[in-house]
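Could you build all of it, start to finish, from the sequences and the hints given here?
What follows is each chain in one-letter form.
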Amino acid sequence: MMRDETRLGWTMALPALSVIALIALGPILWAAWESLFLHDLRMPWLGRRFIGAQNYIEALSDPRFWGAIGHTLAFAAVSVSLELVLGLALAVAVDSMTRGRGLVRTAMLLPWAVPTVVVGLVWRFIFETPAGLMNAVLVGSGVMADPPIWFADPEAAWVPIILADVWKTTPFVALLLLAGLQNIERSLYEAAQIDGASVWRQFTAITLPLLKPALLVALVFRTVDAFRVFDVIYVMTGGGPGTATEPIAMYTFSALLENLRFGYGSALSVVIFVATFLLALIAIRLMGRRTLIEPAS
Amino acid sequence: MAREFRRIPVAALCSCVVFVCFGCARTDPHVLTFAGSAVGREGEAIRRQLDSFQALHPAIRVEVQSTPDAADHRHQLYVQWLNARAADPDVLQLDVVWAPEFAAAGWILDLDRFRPQIDDFFPATLTANRWNGALYALPWFVDVGMLYWRKDLMARAPTDLDELRQLATRGTREQAIPFGFVWQGARYEGLVTVFLELLGAFGGAILDDHGRVVVDSDRAVDALTWMRDSIDVDRIVPASALTWQEEQVRLAFQNGQAVFMRNWPYAHALLQDPSQSRVAGRFGIAPMPATSGGSPTAALGGSVLAINANSGDSDAAYQLIEYLLEPAQLLTRARIVGQYPPRPTMYETKELEDALRIAPSDARRIIEHAVPRPATPIYSELSQTLQIALHRALTRQQEPRAALHQAGTAMRSLLARAELDREQP
Numbered sequence: 063m064m065r066d067e068t069r070l071g072w073t074m075a076l077p078a079l080s081v082i083a084l085i086a087l088g089p090i091l092w093a094a095w096e097s098l099f100l101h102d103l104r105m106p107w108l109g110r111r112f113i114g115a116q117n118y119i120e121a122l123s124d125p126r127f128w129g130a131i132g133h134t135l136a137f138a139a140v141s142v143s144l145e146l147v148l149g150l151a152l153a154v155a156v157d158s159m160t161r162g163r164g165l166v167r168t169a170m171l172l173p174w175a176v177p178t179v180v181v182g183l184v185w186r187f188i189f190e191t192p193a194g195l196m197n198a199v200l201v202g203s204g205v206m207a208d209p210p211i212w213f214a215d216p217e218a219a220w221v222p223i224i225l226a227d228v229w230k231t232t233p234f235v236a237l238l239l240l241a242g243l244q245n246i247e248r249s250l251y252e253a254a255q256i257d258g259a260s261v262w263r264q265f266t267a268i269t270l271p272l273l274k275p276a277l278l279v280a281l282v283f284r285t286v287d288a289f290r291v292f293d294v295i296y297v298m299t300g301g302g303p304g305t306a307t308e309p310i311a312m313y314t315f316s317a318l319l320e321n322l323r324f325g326y327g328s329a330l331s332v333v334i335f336v337a338t339f340l341l342a343l344i345a346i347r348l349m350g351r352r353t354l355i356e357p358a359s
Numbered sequence: 277m278a279r280e281f282r283r284i285p286v287a288a289l290c291s292c293v294v295f296v297c298f299g300c301a302r303t304d305p306h307v308l309t310f311a312g313s314a315v316g317r318e319g320e321a322i323r324r325q326l327d328s329f330q331a332l333h334p335a336i337r338v339e340v341q342s343t344p345d346a347a348d349h350r351h352q353l354y355v356q357w358l359n360a361r362a363a364d365p366d367v368l369q370l371d372v373v374w375a376p377e378f379a380a381a382g383w384i385l386d387l388d389r390f391r392p393q394i395d396d397f398f399p400a401t402l403t404a405n406r407w408n409g410a411l412y413a414l415p416w417f418v419d420v421g422m423l424y425w426r427k428d429l430m431a432r433a434p435t436d437l438d439e440l441r442q443l444a445t446r447g448t449r450e451q452a453i454p455f456g457f458v459w460q461g462a463r464y465e466g467l468v469t470v471f472l473e474l475l476g477a478f479g480g481a482i483l484d485d486h487g488r489v490v491v492d493s494d495r496a497v498d499a500l501t502w503m504r505d506s507i508d509v510d511r512i513v514p515a516s517a518l519t520w521q522e523e524q525v526r527l528a529f530q531n532g533q534a535v536f537m538r539n540w541p542y543a544h545a546l547l548q549d550p551s552q553s554r555v556a557g558r559f560g561i562a563p564m565p566a567t568s569g570g571s572p573t574a575a576l577g578g579s580v581l582a583i584n585a586n587s588g589d590s591d592a593a594y595q596l597i598e599y600l601l602e603p604a605q606l607l608t609r610a611r612i613v614g615q616y617p618p619r620p621t622m623y624e625t626k627e628l629e630d631a632l633r634i635a636p637s638d639a640r641r642i643i644e645h646a647v648p649r650p651a652t653p654i655y656s657e658l659s660q661t662l663q664i665a666l667h668r669a670l671t672r673q674q675e676p677r678a679a680l681h682q683a684g685t686a687m688r689s690l691l692a693r694a695e696l697d698r699e700q701p
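Those sequence lines, one after another, are chains A and B. Under the working numbering, the final residue of the first sequence carries the number 359; numbering is consecutive throughout. Under the working numbering, the final residue of the second sequence carries the number 701; numbering is consecutive throughout.
There could be a bad hint or two in this list.
What the simulated footprint calls covered on chain B by chain A, stretch by stretch (three residues with Cβ under 8 angstroms from a Cβ of chain A suffice, anywhere in the stretch; the number is not a length) [what the hints assert, rightly or not]:
{"no.": "1", "stretch": "347-361"}
{"no.": "2", "stretch": "510-517"}
{"no.": "3", "stretch": "653-661"}
To be clear, the hints were calculated from the coordinates, so they are not data collected in a lab. Since the model is a prediction, treat every value here as computed from it, not as a measurement. Ideal Cβ placement from N, Cα and C applies to all residues, glycine included.
Quick look at the structure:
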């Protein structure tokens, strides 16, 4: 009886599982297999040779690879922290509104609805030199007499990139956190007020701990997303100056689609896959049963 | 994943081809496809040319297969088609730097079998199309990097780089022109062509005659240092130029903001248009000046015509190429699109002067200084490596010597991986 039920379960799940195998597992395994070959469409006379782990060795000994990993991690750390802090502030503000919350919530989502490429182009336009808006404002207001050539400066180039990303994705974080805030029992605050707790004390003792699951969800989504960052940087700096803002996804794109190095590019894809997968695993561990199954309170 | 990746676009394209050719019999052996630029004025020109070709050869039909205008995208598409051994397109318009790559891959036909008449082509335009001693493509039009200078600020073009620097400095300090010299400094192929010209001006090269990497020579370091110093020390080149491509550079010069500009011929007609240009009638063109250790150098660009190795009818394809390269046809393109013909004898004719609205002797003098970029199948990868190194040095992330040394090492190992370091092209 039980076995029949199990078999039935598997049978019913089979179509879904096979679709997953076809569109997710298959390509991943294929990429892993391909990554063991020297397969370079720009050098077809070399054929397609099995070279074992050679592609991985090349990647790990390439300073551009490590540079790209460094840029990706730094970008993820800075942009996700900013998004969480600003998103939280925004969420608390909207949560404490008594009127017009629906309207604000909709308006807030607008940046999120704009395609990333458009966001990148607009911010690039603002920071363009010499005719960009930003430099006119900086000079005009006396903040900076000699603002940097944003996209020709290896450090300054990050400013518009991070601003664009934060501008676009903070609303997403804010919305997630707002949902979390609205789940917190109001009576807790009333009790705290009666006990004479300050607003700050209420925030640290009630809001933050109870918001932790929502914060974790936002953190994980944004970190995994930031790790795969590509479009915003592609349209803004193309990874430059030099390769100073090149993230790992762009390095892979360059190897795979510009240089048509299928073997090496696949090896890089596998590295990204493993890294993102590990991030996701850690996340599931962190949020795990506690967050996903038990309700927040 | 890789193979799927390759096949999906091919399948999609095949269906496009089927769609495009709906109604025309694909079994007819005399249907040719031509792939290249087919938008705007170029599209107008090619359609007119193909019509007249078909009128002359009623047995042959030619279809245009549109391709993206961005060089990288077109290249990617061609690689996908040719690597899949597709028989279409028969005739391909290639960027001049792709010919060796496609030849080495066996994707385009060795044209020597057709015994082409090659005595009336600029020699550099042919060198760029040779691989292992054989000719794989014929030049269609030439692009050359040249110096645009302001006639209202000086009596004649500078004869060497020092004079250019002095005139540019004088322009910015005394004549209130914001920029002395503008060129394409963004990290892309254009930067390599600018560097190639200054490299020639200092007597250096990217690869030597035996195909060995010499991009880290002292002369190359001098050339790159000159470029960097013109930004930071002489302050004649604006630092924003490190994010500029052709159009931003042209706009700066066109608005009267620059004493000198390095750009391609296309800018000429636009700059002469008084409705949009403030320098109409007030500028001239000249070869890029050099130092005593080198010679004036113009980076060679432009397009070439080649035949798909799997073409079903290579004879008809060659007939089409021959037709497009007839002086009368090249003149049509010069008139409609403003492209410079690859045949030196045409520069002695009045017709070309009328078509290009430029003194042909000036243009010819520059084209004679044309130097092709390295003719190697892995040019694109070498160039990418170089672009990064140049941009790092110019944005002061690395010293010129260190950047070029790193690029040289990477380029040598690329050639070794491609197994091209032993061969002598």
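Inset, instruction - Please count how many residues of the stretch 510-517 of chain B have a CB within 8 angstroms of a CB from chain A and say whether that reaches 3. - result: n = 3 at 8 angstroms, threshold three: holds.
Legend entry - Cβ contact check, 8 angstroms cutoff: the stretch 653-661 of chain B against chain A, three residues minimum: holds (count 5)
Inset, instruction - Tell me if chain A covers the stretch 347-361 of chain B under the three-residue, 8 angstroms CB rule, please? - result: holds (count 4)
Hint check: no violations occur; every hint is consistent with the structure.
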